[in-house]
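S.K.: Chains as they are written, first to last, in my numbering: chain E, 1 to 420; chain H, 1 to 420; chain Y, 1 to 129; chain U, 1 to 129.
Just so you know, not all the hints are guaranteed correct.
To be verified - One side of the interface only, derived from the structure: several residues of chain H facing chain U at Cβ under 10 Å: (1) I26; (2) L27; (3) L28; (4) G53; (5) T350; (6) H357; (7) L359; (8) D364; (9) S365; (10) Q378; (11) M381; (12) P387; (13) A388; (14) F417.
Hints in this document: simulated from the structure, not taken from any laboratory.
Ideal Cβ positions, reconstructed from N, Cα and C, are used throughout, including at glycine.
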Amino acid sequence: MSARTLAASPGLSDGDVARIRVDFPILLERPHGKPLVFLDSAASSQKPLQVIGAMDDYYRRYHANIHRGVYHISELATEAYEEARRKVARFIGAASAAECIFVRNATEGLNLVAFAWGRRNVRRGDAIVVTEMEHHSNLVPWQVLAQETGAALRFVPVDDSGLLDLTQLDTLLDGAKIFAFTAVSNTLGTVNDVALLAARARAAGAISVVDACQAVPRMPVDVQAWGCDFASFSGHKMLGPTGIGVLWGRLELLDAMPPFMTGGGMINVVRLQSSTYADVPARFEAGTPAIAEAIGLGAAVDYLEAVGMDAIHAYELALTRIALDRLAEVSAVKIYGPPFEHRTGVISMTVGDIHAHDLATILDSEGVCVRAGHHCNQPLMEKLDVPATTRASFYLYNTAPEIDVLIRGIEKAKGIFGIA
Amino acid sequence: MSARTLAASPGLSDGDVARIRVDFPILLERPHGKPLVFLDSAASSQKPLQVIGAMDDYYRRYHANIHRGVYHISELATEAYEEARRKVARFIGAASAAECIFVRNATEGLNLVAFAWGRRNVRRGDAIVVTEMEHHSNLVPWQVLAQETGAALRFVPVDDSGLLDLTQLDTLLDGAKIFAFTAVSNTLGTVNDVALLAARARAAGAISVVDACQAVPRMPVDVQAWGCDFASFSGHKMLGPTGIGVLWGRLELLDAMPPFMTGGGMINVVRLQSSTYADVPARFEAGTPAIAEAIGLGAAVDYLEAVGMDAIHAYELALTRIALDRLAEVSAVKIYGPPFEHRTGVISMTVGDIHAHDLATILDSEGVCVRAGHHCNQPLMEKLDVPATTRASFYLYNTAPEIDVLIRGIEKAKGIFGIA
Amino acid sequence: MNDFGGVDDLYRDFILDHYRHPRNAGTLENPDATFEDNNPLCGDRIRMDVRIAGDRIDDVRFAGRGCAISQASASLLTEAVKGKTVAEVEQLSDEAVLENLGISISAVRLKCALLGIKVLKSALALKRG
Amino acid sequence: MNDFGGVDDLYRDFILDHYRHPRNAGTLENPDATFEDNNPLCGDRIRMDVRIAGDRIDDVRFAGRGCAISQASASLLTEAVKGKTVAEVEQLSDEAVLENLGISISAVRLKCALLGIKVLKSALALKRG
Ligand SMILES: Cc1ncc(COP(=O)(O)O)c(C=O)c1O
Ligand SMILES: Cc1ncc(COP(=O)(O)O)c(C=O)c1O
Chain E
1 MSARTLAASP GLSDGDVARI RVDFPILLER PHGKPLVFLD SAASSQKPLQ VIGAMDDYYR
61 RYHANIHRGV YHISELATEA YEEARRKVAR FIGAASAAEC IFVRNATEGL NLVAFAWGRR
121 NVRRGDAIVV TEMEHHSNLV PWQVLAQETG AALRFVPVDD SGLLDLTQLD TLLDGAKIFA
181 FTAVSNTLGT VNDVALLAAR ARAAGAISVV DACQAVPRMP VDVQAWGCDF ASFSGHKMLG
241 PTGIGVLWGR LELLDAMPPF MTGGGMINVV RLQSSTYADV PARFEAGTPA IAEAIGLGAA
301 VDYLEAVGMD AIHAYELALT RIALDRLAEV SAVKIYGPPF EHRTGVISMT VGDIHAHDLA
361 TILDSEGVCV RAGHHCNQPL MEKLDVPATT RASFYLYNTA PEIDVLIRGI EKAKGIFGIA
Chain H
1 MSARTLAASP GLSDGDVARI RVDFPILLER PHGKPLVFLD SAASSQKPLQ VIGAMDDYYR
61 RYHANIHRGV YHISELATEA YEEARRKVAR FIGAASAAEC IFVRNATEGL NLVAFAWGRR
121 NVRRGDAIVV TEMEHHSNLV PWQVLAQETG AALRFVPVDD SGLLDLTQLD TLLDGAKIFA
181 FTAVSNTLGT VNDVALLAAR ARAAGAISVV DACQAVPRMP VDVQAWGCDF ASFSGHKMLG
241 PTGIGVLWGR LELLDAMPPF MTGGGMINVV RLQSSTYADV PARFEAGTPA IAEAIGLGAA
301 VDYLEAVGMD AIHAYELALT RIALDRLAEV SAVKIYGPPF EHRTGVISMT VGDIHAHDLA
361 TILDSEGVCV RAGHHCNQPL MEKLDVPATT RASFYLYNTA PEIDVLIRGI EKAKGIFGIA
Chain Y
1 MNDFGGVDDL YRDFILDHYR HPRNAGTLEN PDATFEDNNP LCGDRIRMDV RIAGDRIDDV
61 RFAGRGCAIS QASASLLTEA VKGKTVAEVE QLSDEAVLEN LGISISAVRL KCALLGIKVL
121 KSALALKRG
Chain U
1 MNDFGGVDDL YRDFILDHYR HPRNAGTLEN PDATFEDNNP LCGDRIRMDV RIAGDRIDDV
61 RFAGRGCAIS QASASLLTEA VKGKTVAEVE QLSDEAVLEN LGISISAVRL KCALLGIKVL
121 KSALALKRG
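With the hints as extra help, turn the sequences into a complete structure.
M.R.: Written out as structure tokens, the structure reads:
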């Protein structure tokens, strides 16, 4: 049945997915003697051999510090690092590679905007607008900025179905300098209309900062079509390594920004008492960058492009559809978040009065990896009035039969906790 | 002759080094058809199979996001990440693992201190003291802090032999809040007396911030014996991967510091308008950390400890001795920096009027990798009155015969430029 | 890194019983010591109210929400500490608490299992401090 | 990524000659356009002074220090542009400059080879702006 649904869906065929799975060595692991069923890609995806191999190759054949080296392997390393930047830029539709700054993760990218753009442009009496569904990484930096500058922090509410309530948006944006919002909720799976939100921000005279952490891995993204000003995302959620992420920004904004961190590699002329700074993007990449990680991210982009982002997105939606349908048949399961047409492959749930951690522990005993907790989304959890949910998320290497394993694990947990 | 000198030296035997070299696959590369002679480890060291393999293993067998995962591989990842922290802590003599914060590189560590400790503790009228031999990464962050707070930035001068001139140190430290200095100059190879400088800082009521970037890779380091307050270093210079570094700080200082970057993983309770923060070290590690890189750094520490830091240091000094002796015999070569007894394995030179870049390009054609330029040390270069030097640096995998190749390359350059 | 002994060993009947029917649940009026804390990574939350008579724990109540491990562990803890001296409780080791819990806990769930004792010790420390 | 043709091809006699004996070295008094810039990664520095008569480059002088490639390239450039119209120089492509240089340059040394033209164009842009 699952297979039929899948075959009828656009995206990837069973054969495609079987071939993809071969590229992910971790899928052969057997935790607790069970096949690994990895349903936690929204926290961090697994890595294909192509990505692991690209970094391996760098370390084995041409590792050297970049930009300042005159010799052959340093030249290779510099070129590979900058080539990775160009790949990422093309992948997200940036106007130029210089608009893509390598950071450690999405969190650093958002902090960079708060420090370098925010500290310079936000004043007492201004407003910063975020939404109630933001990950802590797109909330706490704005809290700190608001506290330091005396700006007001305002929230776009989330309605009962898990969608943004935009009825008061213009009022909220009145006097705002920054509108920061996520493209996709990591807890509810809600897909926001980034182009619309960015346009409203612009109309109100605010810059738009998009947390693209859950969007770039799972759907075609074109930052110019979005029309936003900044977008931040992490490599580790999109088949890339840990330790690398990207802050994209419009060049004229980046050009006008002071540096965030300072030191080697981001300077122009250094005198004892003061210095001048390099052009974008170097200005924002102080110190020796994560070279291997950038190269790994470039390989991840190659992989995603070879499979096709349209296909990946369609396949993920197909799995989500199956999972929602199957879970609806399981008693005591409560699903959070909006209707299917506003979703992507992230499903948060509770099962009776079983705490999310207990459910996750029992699922783990069946080899199933899910996330349990507040998903870095404490205010949203307060609003939903649950201490924690259990979250399953899907990616290109997951399969419909794995959803069956998830369901069987849920039934096992219900058995242990005596839930009918 | 070289071999004889080496055999007489403490440290590593030719056999030890031969065995070590087998662990570094890059040493089999042949740029321009010549064996790779890598003399740029001060910029970034090469990586042994053990380090590459540890990261490979993580990605192939147990990659998952840490700290928030309940399932088996996430538990393995969390444990490996924290075990790496314990290894690093032990390696540098930290009082506890919590004192070691994972950052991207030494540069970020220094910026972290400037932002989180500096912005809170430095006021107009205070002084910040650094030295004239600092890498830009231990200079520009203090320039920015001084500009933002109105503090004065003062410099400990470097004398003609390349040593710190401490005659006015107490005057310089009068009213200082911060004394930031390098343990080892990356340009001159000068080894500073960290314990003495840290004690003088403490006596003057200033905290000491040590740029340990060139020290931790090449000599036994005990931060408690140093008696300093902070020390920052990079993984990529000590056989570890790119994308990871360590800021060590004394726990009571770290405990009292506000966060630097904010977001997921560093919070305690998040409400819409404000948040409370996690304990050290999590407070300073916002977002998904560089997990694979921390694990790789742990493997690098294992490798260095297995060889032995005393042996590595002794061997590096032996190579330095040989190189200094050999280079002294080459006409037109001018060596910068202090006498041998104040040095470690970093040698800056000029050859006649050959520009450093031209020399490095010609050396590259012989397979020899050296650094050419200002070494992120522009003010020091101004003082030395050279636009650039060529720098050779040695590490545990280098050999005396490689120094011969360097010398032959220098002779070739002299031939091309018609220098006698 | 130890693997743990399977979920059946973890979710034993008495654990589920303490989870569903926590002993000493609730709060005390005018407690001599009180503290509330949470496990930020998973959202478990526990408050402990303590009444002290002389140097002994006369009564203790806990309120909270969270997973079966954290709540059952807190419930078992309240039973174990009643009547003990404050000094005895202050010196209670994590190992002793886990032993009293009687199930083997994986590293990742340790914070759940030890939240109760952490909160209780904080309450006592605050009182003394 | 192209490898380059060996150092003998790079350090040809005429390059070394221009390095040791730069043409149009020095400065102009009251130039119509002037600019100085450096290559921050290696410390090469070049200043260009330009005298313009009508729409043509009447005279140009350069001062600087740096590697043989940057200085020889600047020297060769000054010879090439003298007498050209300002518009022609503004439209000079990097490729044309490299072709005029007559040696094959590896990616890492490109910035050296192109520093002279960058500075010259900046001078002209500043004048117009
Ligand atoms: C003395 C010194 N300090 C700081 C740094 C900066 O290190 P990183 O670029 O890894 O941040 C370096 C290396 O370039 C160095 O040699
Ligand atoms: C929506 C969203 N924003 C931000 C983040 C933070 O990403 P990172 O931890 O890689 O910085 C995440 C991932 O945890 C996320 O899902």
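S.K.: Run every hint past the structure and note whether it holds.
M.R.: Here is what the structure says about each hint:
1. The interface hint given for I26(H) is broken, as the beta carbon of that residue sits about 17 Å from the closest beta carbon of chain U, more than 10 Å.
2. Because the closest C-beta pair between L27(H) and chain U is about 20 Å apart, greater than 10 Å, the hint is violated.
3. Proximity of L28(H) to chain U is violated relative to the hint, the smallest CB-CB distance being about 18 Å (cut-off 10 Å).
4. A distance limit of 10 Å between C-beta atoms decides the matter here; for G53(H) the minimum to chain U is near 27 Å, and the interface restraint is violated.
5. Annotation: T350(H) was flagged as interfacial toward chain U, and the flag is violated, the nearest CB pair being 12 Å apart, outside 10 Å.
6. The beta carbon of H357(H) comes within 4 Å of a beta carbon in chain U, closer than 10 Å, and the hint placing it at the interface holds.
7. Interface hint at L359(H): satisfied, since its Cβ lies 9 Å from the closest Cβ of chain U, which is below the 10 Å cut-off.
8. Given hint, D364(H) at the interface with chain U, holds; its Cβ is 8 Å from that chain's nearest Cβ, closer than 10 Å.
9. With its C-beta approaching chain U no nearer than about 4 Å, S365(H) sits inside the 10 Å limit, and its interface hint holds.
10. Hint status for Q378(H) relative to chain U: holds, with the closest Cβ pair at about 8 Å, below 10 Å.
11. Because the closest C-beta pair between M381(H) and chain U is about 7 Å apart, less than 10 Å, the hint holds.
12. Satisfaction of the interface hint for P387(H) is found here, the shortest Cβ-Cβ separation to chain U being roughly 4 Å, below the 10 Å cut-off.
13. Given hint, A388(H) at the interface with chain U, holds; its Cβ is 5 Å from that chain's nearest Cβ, closer than 10 Å.
14. The interface hint given for F417(H) is met, as the beta carbon of that residue sits about 7 Å from the closest beta carbon of chain U, less than 10 Å.
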